[in-house]
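Listed below, chain by chain, are the residues.
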Amino acid sequence: MSESRPATPPFERLDWPVRTERLLIRPIVSADFPALFAIRSQPEVALWLSGTATSYDAFADEWAGSGRLDTTLAVERDGVVVGDVFLRVVDAWGQREVIDDARGTQAEIGWLIDPTYAGEGLATEAAGAVLGMCFEGLGLRRVTAAAFAENAASVRVMEKLGMRFEGRGVREALHRDRGWIDGVNAALLADEWRAKRR
Amino acid sequence: MTFDRISWPRRTERLILRPAETADLPAVFAVRSRGEVAEWMPDRPTSYDDWLLRLGRVGAVDRMLVIELDGIVIGDLYLHVEDAWTQVEVKEAGKGAQAEIGWCLSPDHQGKGYVTEATTELVRLCFEELGVRRLVANAFADNEPSLGVMERLGMVREGRFRSESLHRDRGWVDGTSYALLREDWKR
Numbered sequence: 001m002s003e004s005r006p007a008t009p010p011f012e013r014l015d016w017p018v019r020t021e022r023l024l025i026r027p028i029v030s031a032d033f034p035a036l037f038a039i040r041s042q043p044e045v046a047l048w049l050s051g052t053a054t055s056y057d058a059f060a061d062e063w064a065g066s067g068r069l070d071t072t073l074a075v076e077r078d079g080v081v082v083g084d085v086f087l088r089v090v091d092a093w094g095q096r097e098v099i100d101d102a103r104g105t106q107a108e109i110g111w112l113i114d115p116t117y118a119g120e121g122l123a124t125e126a127a128g129a130v131l132g133m134c135f136e137g138l139g140l141r142r143v144t145a146a147a148f149a150e151n152a153a154s155v156r157v158m159e160k161l162g163m164r165f166e167g168r169g170v171r172e173a174l175h176r177d178r179g180w181i182d183g184v185n186a187a188l189l190a191d192e193w194r195a196k197r198r
Numbered sequence: 001m002t003f004d005r006i007s008w009p010r011r012t013e014r015l016i017l018r019p020a021e022t023a024d025l026p027a028v029f030a031v032r033s034r035g036e037v038a039e040w041m042p043d044r045p046t047s048y049d050d051w052l053l054r055l056g057r058v059g060a061v062d063r064m065l066v067i068e069l070d071g072i073v074i075g076d077l078y079l080h081v082e083d084a085w086t087q088v089e090v091k092e093a094g095k096g097a098q099a100e101i102g103w104c105l106s107p108d109h110q111g112k113g114y115v116t117e118a119t120t121e122l123v124r125l126c127f128e129e130l131g132v133r134r135l136v137a138n139a140f141a142d143n144e145p146s147l148g149v150m151e152r153l154g155m156v157r158e159g160r161f162r163s164e165s166l167h168r169d170r171g172w173v174d175g176t177s178y179a180l181l182r183e184d185w186k187r
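Respectively, the protein sequence lines represent chains A and B.
Each residue of the first sequence is one higher than the one before, starting from 1 at the first, in the working numbering.
Each residue of the second sequence is one higher than the one before, starting from 1 at the first, in the working numbering.
There may be inaccurate statements among the hints.
Said to hold, decoys possible - Covered by chain A, according to a simulated footprint, are these stretches of chain B (three or more residues, beta-carbon under 8 angstroms):
1. 11-24
2. 76-89
3. 155-161
4. 169-182
What the hints contain is simulated information worked out from the structure, not anything from laboratory work.
C-beta: ideal position from N, C-alpha, C; glycine also.
Please work from the sequences and hints to get the whole structure.
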């Protein structure tokens with residue numbers, strides 16, 4: 001099955017920047033790479049990321065060429081990048097006869113905050129804004145997030161966002177230090193999100 | 001290719017399992033195009049030629065085994081060995097570590113335990129001969145016969161995904177996923 005993209009890339013369909021109580025959120029640009037690298041290369045952050053960059057140059061090369069610019073938003077507080085959020089629009093699964101109606105209806109989101117600013121609820125604030133972008137700005141019907149089950153901070157954000165835990169893959173994912181460990185999946189539907197905001 | 005790594009055919013008490021060949025495809029189509037089978041399948045084929053083109057496009061025959069009873073193809077199995085999710089640094093160790101399985105049987109032969117018999121052998125092949133450490137199977141949450149097979153295989157339900165899949169007649173419905181680890185597999 002081929003993955004088709006919506007005619008207009010998702011970030012171009014939204015108005016920027018998005019402001020929350022304490023944060024400003026906008027698509028990343030290559031000038032953000034040093035700040036993102038500084039956050040993502042910290043061991044306690046890299047612990048749960050899919051890969052760790054060995055050098056800034058390797059990081060910048062990878063990020064410039066990998067489509068990250070189309071799926072990553074910078075999270076700023078008072079002009080300083082304090083983290084990033086991930087938003088990727090994907091196709092839902094559909095039977096062949098209706099597959100066109102399933103395309104581009106779902107998103108996967110993710111988040112991370114510089115440990116220097118941990119404990120202030122910034123990840124929840126940023127990710128909550130991303131849910132709003134998905135459901136309101138982009139009109140999506142379902143948003144998912146996945147994490148290692150042991151990543152307590154991220155699991156807590158999912159809970160605070162009101163996402164439903166839908167699955168736990170037993171020893172499904174291979175961690176570089178911890179071996180085969182569990183993954184969790186959470187999701188939220190547009191109707192549920194609207195009902196919670198009432 | 002996965003199927004080249006082990007020997008065929010496989011015999012169970014009543015059945016023969018072997019990789020699908022071109023000559024089997026009309027029989028597989030006859031099963032897949034039945035309404036009650038297509039209900040839960042990704043595709044409801046109506047034209048044999050169009051279906052064949054789609055199979056070719058996605059390489060589906062390379063993942064298809066046929067279930068034979070007394071020389072007649074009564075259904076098929078899906079087997080896709082894939083890489084597990086890993087962090088980048090340990091990617092090699094995840095290669096071919098996981099497999100997804102599926103099945104489909106002619107309504108004329110249901111209720112006799114043929115799918116359970118065939119998939120029990122498929123599970124054994126995955127764990128003992130293909131080096132798979134984790135098996136997964138997905139289904140629409142309302143596809144009770146398939147969930148029954150997963151449970152009889154000792155697979156454990158790991159997830160139920162609300163309104164995640166679009167069904168041609170039922171609209172958005174729940175999906176479910178089951179898995180079995182080699183270390184939890186009861187021989």
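Now for the hints, and whether the structure bears them out:
1. 11-24: violated (count 0)
2. 76-89: It holds, with 6 qualifying residues against the three required.
3. 155-161: holds (count 5)
4. 169-182: holds (count 5)
Of the numbered hints listed earlier, the single one contradicted by the structure is hint 1.
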